[in-house]
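Colleague: Residue numbers (my numbering), protein chains in the order written: chain A, 8 to 224; chain B, 8 to 224; chain C, 8 to 224; chain D, 8 to 224; chain E, 8 to 224; chain F, 8 to 224.
Bear in mind the hints are in silico, worked out from the structure with no lab data behind them. Careful, some of the hints might be misleading.
One copy or two, it doesn't matter: identical chains are merged, so the pair holds either way.
To be verified - Cross-link-like lysine to any residue pairs, in silico, SDA-like; alpha carbons within 25 angstroms at most:
no. : residue 1 : residue 2
1   : LYS124    : GLY201
2   : LYS124    : GLU54
3   : LYS124    : ALA210
4   : LYS55     : PRO34
5   : LYS154    : ARG68
6   : LYS124    : MET84
7   : LYS86     : SER177
8   : LYS92     : TYR33
9   : LYS124    : THR214
10  : LYS92     : MET211
11  : LYS92     : PHE63
12  : LYS154    : ARG32
13  : LYS92     : ALA82
14  : LYS86     : LEU35
15  : LYS86     : CYS153
16  : LYS154    : ASP31
17  : LYS86     : ARG74
18  : LYS154    : PRO34
19  : LYS55     : THR40
There are 6 protein chains.
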Amino acid sequence: MAKAKAVRKEAKQPKVDVAPGTPDRYPLPELATLPDDIRERILVVQEKSGFVPNVFLKLARRPAEFRAFFAYYDALMLKEGALSKAEREMIVVATSALNNCLYCVVAHGAILRIYQKDALIADQIATNYRKAPLPARQRAMLDFACKVAQSSAAIDDEDHSLLQAHGFDSEAAWDIAAIAAFFALSNRIANFSGMMPNEEFYAMGRTPPSQASRAAR
Amino acid sequence: MAKAKAVRKEAKQPKVDVAPGTPDRYPLPELATLPDDIRERILVVQEKSGFVPNVFLKLARRPAEFRAFFAYYDALMLKEGALSKAEREMIVVATSALNNCLYCVVAHGAILRIYQKDALIADQIATNYRKAPLPARQRAMLDFACKVAQSSAAIDDEDHSLLQAHGFDSEAAWDIAAIAAFFALSNRIANFSGMMPNEEFYAMGRTPPSQASRAAR
Amino acid sequence: MAKAKAVRKEAKQPKVDVAPGTPDRYPLPELATLPDDIRERILVVQEKSGFVPNVFLKLARRPAEFRAFFAYYDALMLKEGALSKAEREMIVVATSALNNCLYCVVAHGAILRIYQKDALIADQIATNYRKAPLPARQRAMLDFACKVAQSSAAIDDEDHSLLQAHGFDSEAAWDIAAIAAFFALSNRIANFSGMMPNEEFYAMGRTPPSQASRAAR
Amino acid sequence: MAKAKAVRKEAKQPKVDVAPGTPDRYPLPELATLPDDIRERILVVQEKSGFVPNVFLKLARRPAEFRAFFAYYDALMLKEGALSKAEREMIVVATSALNNCLYCVVAHGAILRIYQKDALIADQIATNYRKAPLPARQRAMLDFACKVAQSSAAIDDEDHSLLQAHGFDSEAAWDIAAIAAFFALSNRIANFSGMMPNEEFYAMGRTPPSQASRAAR
Amino acid sequence: MAKAKAVRKEAKQPKVDVAPGTPDRYPLPELATLPDDIRERILVVQEKSGFVPNVFLKLARRPAEFRAFFAYYDALMLKEGALSKAEREMIVVATSALNNCLYCVVAHGAILRIYQKDALIADQIATNYRKAPLPARQRAMLDFACKVAQSSAAIDDEDHSLLQAHGFDSEAAWDIAAIAAFFALSNRIANFSGMMPNEEFYAMGRTPPSQASRAAR
Amino acid sequence: MAKAKAVRKEAKQPKVDVAPGTPDRYPLPELATLPDDIRERILVVQEKSGFVPNVFLKLARRPAEFRAFFAYYDALMLKEGALSKAEREMIVVATSALNNCLYCVVAHGAILRIYQKDALIADQIATNYRKAPLPARQRAMLDFACKVAQSSAAIDDEDHSLLQAHGFDSEAAWDIAAIAAFFALSNRIANFSGMMPNEEFYAMGRTPPSQASRAAR
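I would like the entire structure built from these sequences, with the hints used as guidance.
Modeller: Here's what the structure looks like:
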């Protein structure tokens, strides 16, 4: 059955969206050539988003790494916990900006705008999170995440105490740090491999909901 | 007459757009309290753009600095020369991102999108100009501008030769360097004074022209 | 049967080796409390190494992250490819030293000494890989890995060309970069969580093989 | 009359002092070729100082930039306010040293010695202002100015509070920051254009006033 | 008599241990060619250690520098004072690691292990002294030493007060700083001259005393 | 006799010049309390220079360190060799400026002006040696010295080849590096101990010889 479904979906393949850009050292593979489980995951994403984010196709050339990467991603970004989904995306955007990762800043900037229902927040956090109009708790969260991203060897008890003072317990601290650490990996993969964000991400979530719903009427 | 005009315009003042944000150490002044020439310039901008960019109101509290700042700005950004208007904005966005200047990245990102007729270019240059799909000439231009922004004392003949190899003569080199230098000033003013970009800038120029004109039909 | 085996092994648990150190924000869990698959993997490692490296117990508190982490690790460090096992460990040691990661420098330093059959190589690479007596190919490999670790956004065609000049094709470049990227993650986890290397690692592989075999006679 | 005066002064032109130095990409223009207002300003400076500081001739090749630059300079350096003239020059010397700007360190070091009536202060502030024998108020002023020069994006309420604790209100903070910002511009212009300080500046103000007046007797 | 002794020792010269490594710009001199006092000192060291540390032979090519270097070394490392011998070696290892000095990290790491009777301490301090299980007093000592090594111009009263709070008076502060300063010199000499640590150092002191004495029984 | 001489000189002691400055953690000792050899050296310097440079008095509190320091200094700065005396002072000034060492920049700046018979050279090299009008050979010398000062671990064959291309052999390279290394020590001692330059140094050598001799007529 999985196979039948895949075949049906493959008919849609022309819609798979691949960002143009610099000549590609690691060209995106054809969907048909991928292992079933990977193709399935990609088709699910396409169904849900309307396009395939390039990170899926870029990593698919290495199935074992693909599976581990997204298992890790799901473990950190989808689980229940002390951090809201928007807060996790704030961490991704702030730390990816420190690493000048075009893919992650643009793609996760889009997701952050949607979760936070705020058209401005992603550009603010990417450029200088200290100027974003955030409550003290989220500012402390990003201070900690950015220290993990930039100088993790210097993290000490004082950093953990600052987090606790804003209501983050040890497990929440792990969540923050682990997301910053995972995107330290992710940013480097995107940077060295020339991964370009899909065009769709740039504009996504920029229309404030009120305006969008008004437009939808 | 100037006064009469000003009065008429002041009726529009409720439309003057002020970004919300962190509590303001340097509150924006009332239009009515400003010297005539400064109010005139602000009203012209408002007429043209539909809103008053915050930089005008923020600097207006210091009339002599306001006049000098915009005279310098005009001298570098409006004059004829070897650089296109879009290229000048590229320099602004690239160097302002190095200085983490939220105001300039967002405001000049908008202007760059419009001049370049490219909805993606500003986010690409702000995050990592090396990944933007630019011709070699513009890449060399931004390499030089970023060196002026970050380590101008190390600029030497080799840097000038690299520019020349891409067709920039000494006067064009001055143009590039002077824009980077002027925004070294501008970024620092915006950063220390807590200048926030107007909301309008974030979305401006993000709809590709073809799509926009189609929408306009 | 898996359960029976686990029970038998648990009798050995007092031998599980836990590094002493700073008071622990994230105490190592009891083997008995862990999911079966994780306990199994840990027991296999203990059987093979004679002790349980702390990274297994530290991460075990988060089963989903544990599984993804080691799946990624296996995908990069155990697969066939252009890089020898010793070369992969060189990358780990060089980049982990840049991040001042005590756990990874000490644990992977041990593994490197064993694979390379060289008692000195790990300290040399950790302190300054440029002074280690390495062939030009491995020096180029570490230059690339360290650039991925420290300034991945600046990696460009020239870096890839340098690798190619030493016989590394695009897939080998991916291997190098992906290992550096994975340990960017790993170093940050170890650093923020206070992961201490097991005592066993410090001395492992320091007796040159000839001497060791002589001692064994 | 302005013209007549200019002609008379031009007879003095051989005395216009131009620093020797590296071959010049941007040669200093002839006074006679300059617009009247710019030539007038230069002649006034020459009359007052006995020579023409190179910054005037270097920038004169670009009249619009010249006018804006000196209008900004006058607005910040000549106006009344909370900072003494010597304090403004301290800011210039400290921040220009951070940018390794030979022209500004030497030229404004001279002016600082004269205003402060202290033959040692400029070298102390240029080399390490923390070692200069300054009162706490001026030390705080330079800490703030240097943060504007080097990491303006990180300036926050705490920095402003430190200033206030030493008696600087918001307007004085603006003065300090704006001078640091203006010389961020000025240093970059001098650095990229190869502007060399006039020889006169090096020795100026180095004879302590008492000694100088004794010599004058 | 000195000569006779030297001759006798020279018979042992084949045992003089010279680290292999990169082709040497500054080859180690023959003992026989050295001035008497220098040869004597080297023979004494060889007698005591069983081999000649390369630093002695490397510097011996410049007798006046040799004599001054070791006079300074003795003045700082052998004298009585507030710091234990192990603490002095901690300072050497921590600051030499900041300078990526292979010779000093390996050679003084060995000495530190022996003085401290701790097989792990040197690798911990070299990789990240903040993670080493040190009492607060020694942590403060290393914080100060590392600031002297990296940014001595920023040392101020607060740094001295922190030391005093841990029981270090002004003379002890001088001891700490002078050792860090002397190894700033030593590290640079070793780095530029390609000085390689003798193989003996790598393993020295790695067998914990209890185990070693057990083995000796 | 030495004693008699000392007594005679001590009568001059009121002339011993001590720089004012920040409250002193390490007060300068009385000449009479110093060991004979150290007092003798200080008196010789005073006789020759007309004052006692503070470095002599500051270090005299630690006789063994004093003797080693000046033996090293003499070995590097006074010996014959490929570098002129002025070139050695250029290295001192350039590297001491990188370390923001007020004492060494001011004191050795004075000596450099005198040896080079150039009133401008010291300020140029201290602020930005790349802008000083130096021949290519001296520029290469300073590039090497500054790399030793700042990132000695990265020095490699290419750096040595660049020196050779300008006529510096291996021994000259050692001279350059050893001076940079010695002042790495010296700068740190001066910085942490609050050593202030004597007032005499600031103005010394600033009158060009021709002018001075004219004045002397």
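Colleague: Flag every earlier hint the structure violates by its number, smallest first.
Modeller: none
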